[in-house]
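Colleague: Construct the complete structure from the given sequences, taking the supplied hints into account.
Counting in UniProt numbering, the sequence shown runs from 1 upward without gaps.
Any given hint might turn out to be false.
As the list claims (entries may be wrong) - With a Cα cut of at most 25 Å, we get these calculated BS3-like pairs of lysine-lysine:
(1) Lys149 with Lys124
(2) Lys2 with Lys52
(3) Lys140 with Lys124
(4) Lys69 with Lys2
(5) Lys156 with Lys124
(6) Lys124 with Lys52
(7) Lys140 with Lys57
(8) Lys124 with Lys57
(9) Lys69 with Lys57
(10) Lys156 with Lys52
Because the hints were derived from the structure by calculation, they are not lab data.
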Amino acid sequence: MKLDTLYQDHVSDLYRYLFSLTNDHYLAEDLVQETFYRAYLYLENNELENVKPWLFKVGYRVFIDHWRKGKRVDLGEPHPKPDEQTPEKTWLEQEGLNRILGLIRTLPPNEAHALLLCDFHQLKLHETADILNLNLNTLKSHLARGRKKMRLLLQKEER
1 MKLDTLYQDH VSDLYRYLFS LTNDHYLAED LVQETFYRAY LYLENNELEN VKPWLFKVGY
61 RVFIDHWRKG KRVDLGEPHP KPDEQTPEKT WLEQEGLNRI LGLIRTLPPN EAHALLLCDF
121 HQLKLHETAD ILNLNLNTLK SHLARGRKKM RLLLQKEER
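Modeller: Structure, rendered in structure tokens:
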């Protein structure tokens with residue numbers, strides 16, 4: 001697969017995933033660039049069948065590498081990436097998404113990552129388990145706990 005095709009097909013999803021982890025537009029862009037750089041180096045000599053889950057796994061590892069280097073990420077209030085559509089068209093949708101992402105950021109990291117990958121990016125359970133380096137049953141437990149906590153948070157917020 002050519003890198004430009006890979007980039008065009010997956011840059012938006014990868015950016016949204018990394019932004020949801022970092023809450024920083026510029027850092028997410030840097031991590032996306034680093035992810036595609038690593039993909040380029042790997043794909044020069046290798047072929048892949050399931051590119052999207054592999055790319056998300058590389059992106060997750062790039063994020064973890066960045067985080068481990070002491071460049072901790074503030075997971076405070078979400079700030080959307082500047083949108084090319086008019087604000088009137090996307091305001092309500094963005095507010096709902098920001099609200100949900102803000103609540104997900106309050107969850108423990110394992111539950112938050114599982115929800116983001118499975119529910120937001122619609123990766124399969126086995127792909128998500130592979131990305132997060134978890135046993136499938138452990139992932140299912142994280143998802144169940146995370147979804148339960150999200151329901152409680154949403155109910156609490158509506159009151």
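Colleague: Hint by hint, note whether the structure agrees.
Modeller: Hint by hint, here is what the structure shows:
This hinted pair checks out: Lys149 and Lys124 have alpha carbons roughly 21 Å apart, not beyond 25 Å. Distance hint between Lys2 and Lys52 is fulfilled; the C-alpha atoms sit about 14 Å from each other, no more than 25 Å. A distance of roughly 11 Å separates the Cα atoms of Lys140 and Lys124; the hinted pair therefore holds under the 25 Å criterion. About 31 Å separates the Cα atoms of Lys69 and Lys2, which puts this hinted pair outside 25 Å; it is violated.
Pair hint Lys156 plus Lys124 does not hold up; C-alpha atoms about 30 Å apart against a cutoff of 25 Å. With a C-alpha separation of about 11 Å, the suggested pair Lys124 and Lys52 falls inside the 25 Å cut-off, and the hint holds. This hinted pair checks out: Lys140 and Lys57 have alpha carbons roughly 18 Å apart, not beyond 25 Å. The suggested pairing of Lys124 with Lys57 holds, with an alpha-carbon distance near 13 Å, which does not exceed 25 Å.
For the hint pairing Lys69 with Lys57, the CA-to-CA distance comes to about 18 Å; that is within 25 Å, so the pair holds. For the hint pairing Lys156 with Lys52, the CA-to-CA distance comes to about 35 Å; that exceeds 25 Å, so the pair is violated.
Consistency note: the structure conflicts with the earlier hints numbered 4, 5, 10.
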